[in-house]
Structures are given as structure tokens and as C-alpha cells.
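Per numbering that gives the first Met the number 0, the sequence shown starts with residue 0, numbered consecutively.
If you're looking for bench data, these hints aren't it; they were derived computationally from the structure.
Treat the numbers as computed from the prediction; the structure is a model and nothing was measured.
Any given hint could be a false lead.
Think about it this way: if two alpha-carbon atoms lie no more than 25 Å apart in a straight line, the pair counts; the simulated SDA-like pairs of lysine to any residue are [said to hold, decoys possible]:
#, residue 1, residue 2
1, Lys285, Phe128
2, Lys388, Tyr95
3, Lys285, Asn267
4, Lys387, Leu278
5, Lys118, Thr132
6, Lys387, Thr77
7, Lys75, Ile337
8, Lys387, Leu336
9, Lys118, Trp281
10, Lys387, Gly277
11, Lys387, Phe82
Label-pair restraints from in silico Cβ distances [as the list claims (entries may be wrong)]:
#, residue 1, residue 2, range
12, Phe121, Ser87, 18 to 24 Å
13, Arg145, Arg182, 23 to 29 Å
14, Gln49, Phe385, 49 to 55 Å
15, Asp48, Gly68, 27 to 33 Å
16, Lys388, Leu124, 23 to 29 Å
Cβ atoms here follow ideal geometry from the backbone N, Cα and C, with glycine treated the same way.
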Amino acid sequence: MKVTNNSQALTWNPVICLALLYFISNLYFFFTVFSGEEIGIDSLSQRFDQNTSLIALLLLGLSFFFLLGLYWSNTKLTSTRNFGLSNSWGGGIFAYQTLYLINSLYFGVNIAGVQDEIKSPFQFLFTLFDPDTLFLVVVISLRSPRLFWANTGLYLISTVIRGWGGAFVLVPILLLCRYYPVRVKLSSIFLLAGSSIVILLTSPFIIEAKWLIRSGAELGQAISNVLERGYLESLYSTLEYIFRRFQMFGHVAILVENSDITAEAYNNNEFIPYWADGLLQWIALKFNGTDIIQLNRYMVSHFFNVENSAYSTNPGLAGWMAILGERSIFFSAYIFLIVFFPAWLVRKYVGIPHFLLLYSFVFIWLFHGWIGAYFNFAIYSACIIFTKKLFTFRKSSLTITS
Numbered sequence: 000m001k002v003t004n005n006s007q008a009l010t011w012n013p014v015i016c017l018a019l020l021y022f023i024s025n026l027y028f029f030f031t032v033f034s035g036e037e038i039g040i041d042s043l044s045q046r047f048d049q050n051t052s053l054i055a056l057l058l059l060g061l062s063f064f065f066l067l068g069l070y071w072s073n074t075k076l077t078s079t080r081n082f083g084l085s086n087s088w089g090g091g092i093f094a095y096q097t098l099y100l101i102n103s104l105y106f107g108v109n110i111a112g113v114q115d116e117i118k119s120p121f122q123f124l125f126t127l128f129d130p131d132t133l134f135l136v137v138v139i140s141l142r143s144p145r146l147f148w149a150n151t152g153l154y155l156i157s158t159v160i161r162g163w164g165g166a167f168v169l170v171p172i173l174l175l176c177r178y179y180p181v182r183v184k185l186s187s188i189f190l191l192a193g194s195s196i197v198i199l200l201t202s203p204f205i206i207e208a209k210w211l212i213r214s215g216a217e218l219g220q221a222i223s224n225v226l227e228r229g230y231l232e233s234l235y236s237t238l239e240y241i242f243r244r245f246q247m248f249g250h251v252a253i254l255v256e257n258s259d260i261t262a263e264a265y266n267n268n269e270f271i272p273y274w275a276d277g278l279l280q281w282i283a284l285k286f287n288g289t290d291i292i293q294l295n296r297y298m299v300s301h302f303f304n305v306e307n308s309a310y311s312t313n314p315g316l317a318g319w320m321a322i323l324g325e326r327s328i329f330f331s332a333y334i335f336l337i338v339f340f341p342a343w344l345v346r347k348y349v350g351i352p353h354f355l356l357l358y359s360f361v362f363i364w365l366f367h368g369w370i371g372a373y374f375n376f377a378i379y380s381a382c383i384i385f386t387k388k389l390f391t392f393r394k395s396s397l398t399i400t401s
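My request is simple: use the sequences and hints to build the entire structure.
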């Protein structure tokens, strides 16, 4: 939550809400580990000594407050009025999402956590222009409420069918950004609390459906499987799983504990550097014949013994710092570059909603160590701004000429 300057009224700030959630989650798991208990890290359960725990907490704190400081400094810059995208943008992204869903169902590809065995003829197109990321970049600025809700509904359906449950977190964040400022008052508290309770109560069935889709089993088994295990037991384990998804303390601790091994692997190019993670860099690496193995995938194969290119994990920015050591100064400069300037660009030329959405993904993706996902969002945002400004300039030039 945040107090606005004009009316001193509290508003639901999605960036601050996310930051608090990540702060509480990681701090909770630090105290769990520090007290000598095991924590679940993807498919592992592991204990760490107190020295490792303290170093992991320090690195997480440094990366967390560094990003929070960047957000604070960006909020001090001037902002523009929100620019709107026309119905052609909304219709275009709806058609593109539909094509992506049909392609995924027909070829049986793009299922979360499942390695594709068949290559779709459209795969390069969808890799170059990721429909899920483009949806987020475009719909935040759509003028038409109908097209916004139509696209959002299609996005939810598409992600659920493809076995990905993250949309149930991203859509509320998207709404808080689009309709910012949402005042903290009784009606908004009841709405947010009610929506959260409904999602949490149905979460055992949603998560069970997610695993069934990924395993190729019948989706109809979700309800019976949950009831067979016991609803309350399923609810408890699901809530624990969701809470665990908002932390990367265990992942960072693994990298701290194995920093010598991972630093040597980094020096031997066993996974790509942090600056090579992103769409533009991937294209260059592919043309050079380089295998794109990110730190996320390296961790999965070396620490979790899972050989699945579709399965990834979250090393966190703090995990990168554990690997890089004194070279973290260059890493910090790179993070500053890809966060501060895109945020300045978006705030100046697009407006507050898109600015808040970008910083939400600074925490959802970048803080988690999914550098490429965040980088692509920033690149798509810059392309949308450039395209919009170009068409506006051409239109005004034609008007003057005529």
C-alpha cells in the first residue's frame, strides 16, 4: 500500500504489495533454516548451516533493497498521461493469443514443465514474439474495456489449458496496475479479500489440475483426487506450496553452498552469462551455434538431477551474486541499466499503469533470477512505444501535408 501525495489517501500499490510478500516469505524461510529445520526446494528437502543461511540472507537483502531503491528513484521522475492503444491492437493480440492456443492444442506443445517432442511450424514466431508477454505489454494500455476483458479471459483460459497457474497471480496484479490508483477503502478491501479467499479455497483443485495437465492425465480427475486425499490436507499442502513459490532463499542457499562449483562452471561456459539472457541475445547465440543453457536450467540438471529443458527454477539475483563474487559490481551495473532506463522510458512516454506493471515484473521475474523473461518484457515495451510514436508521427505529418 502507498499514501498518495495529492489526497493523502491510501492506495493499493502492486509493487509495494509484491515487495512485502517477497520480503515476508524469504524472511520466514530464513528463520526456518536458521533454526535447523529442512525446507523444500523444488524436488529437494535440505538443511543449511547458519553461516550459509546468513550469507544467503545478506545477498537477498542486498538485491531486494537495490531493486526497491531503483523503484523509489524512478518514482521521483516526471510521468506522462496514460497513452491508449486502439481497438486494432486489442483485436490483434486477441487473434494472436487464439492462434497460439490452437497451435498449442493441435501440436501438443507449450505445456508448462513439459518438454516439446514435436516442433510446430509456428514455433520460431512464438519464440520471437511470445504471446503471453505481448498480452501483458499490450492490454495494460488498451482503451477498450471490452477488449481488455476479452483478452484477459482468453489469457486465463489459455494458461490453465497449458498447465500454468501463474495467471491467477498475474491477473490481479495487472488489474491493480491498470486501474491504479485503487483506493484503500472498505469496498476495495472486501473485494480483494473476497477474491483472494475464493482463489485460495479453490487453489487445491487449480494446482491439482495443473499437475494433471503437465502429466497428460485426464483433467476430470482433479476434483476426485483432491477429495480422496482430503480437502483440508490438500488445502494446507497447496497453501504451503504457493507460499514457497514466493521465496528463493533455499535456491540462493544452494548456490552459496556450491559457489566454488558454480563459479567454475560459469568460467567454463557451462551456462550462459547473465548479460546473454534475453531474446536479442538468444538470437545472436543461435546464429553462432551456441547452446542456450541458462543458470536456471543448469541448477535443475546439476542439483535436482532432472533432465528436462522445459523445467526451470529460480536462482535469484542473489544467487548470481554468490557465483560472481567480486564481479557482482558489473552485474549490479547491468541490472541498473536494464531496470532504470526502461522504467524511465515507460514512465515518461506510456504512463503510471505500465510503469507499475514493469516494476511488478522486476520483482516477479528479475528478483527471482529470470533475467531473460524480464528483459523480453522491457524490449517488447520499448517496441510498443516506438511503434505507437512512429504511427502518431506519421499521422500528424500526413495531416499537416494535407
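Whether the CB-CB distance between Gln49 and Phe385 falls inside 49 to 55 Å
Given about 50 Å between the Cβ atoms, the range holds.
Does Phe128 sit within 25 Å of Lys285, going by the straight-line distance between their CA atoms?
16 Å, holds
How does the Cβ-Cβ distance of Phe121 and Ser87 compare with 18 to 24 Å: does it lie in that range?
Holds - the Cβ-Cβ distance for Phe121 and Ser87, about 22 Å, lies within 18 to 24 Å.
CA of Lys118 to CA of Thr132, is that 25 Å or under?
Between Lys118 and Thr132 the Cα gap is close to 21 Å, so the pair holds against 25 Å.
Against the 25 Å threshold, does the CA-CA distance of Lys387 and Phe82 hold or violate the hint?
9 Å, holds
Pairwise hint evaluation, Gly277 against Lys387, where the allowed Cα distance is 25 Å at most:
Judged against 25 Å, a Cα distance of about 23 Å means the pair holds.
Between the beta carbons of Arg145 and Arg182, is the distance compatible with 23 to 29 Å?
Holds, at about 25 Å.
Is the gap between the beta carbons of Lys388 and Leu124 within 23 to 29 Å?
25 Å, holds
The hint says 27 to 33 Å between Asp48 and Gly68; measuring C-beta to C-beta, is that right?
The hinted range 27 to 33 Å holds for Asp48 and Gly68, with Cβ atoms some 30 Å apart.
For the pair we were handed, Lys285 and Asn267, check the Cα-Cα distance against 25 Å.
19 Å, holds
Is the straight-line distance between the alpha-carbon of Lys118 and that of Trp281 25 Å or less?
18 Å, holds
Does the structure keep Lys388 and Tyr95 at a Cα separation of 25 Å or less?
22 Å, holds
Of the hints listed earlier, there is not a single one the structure fails to meet.
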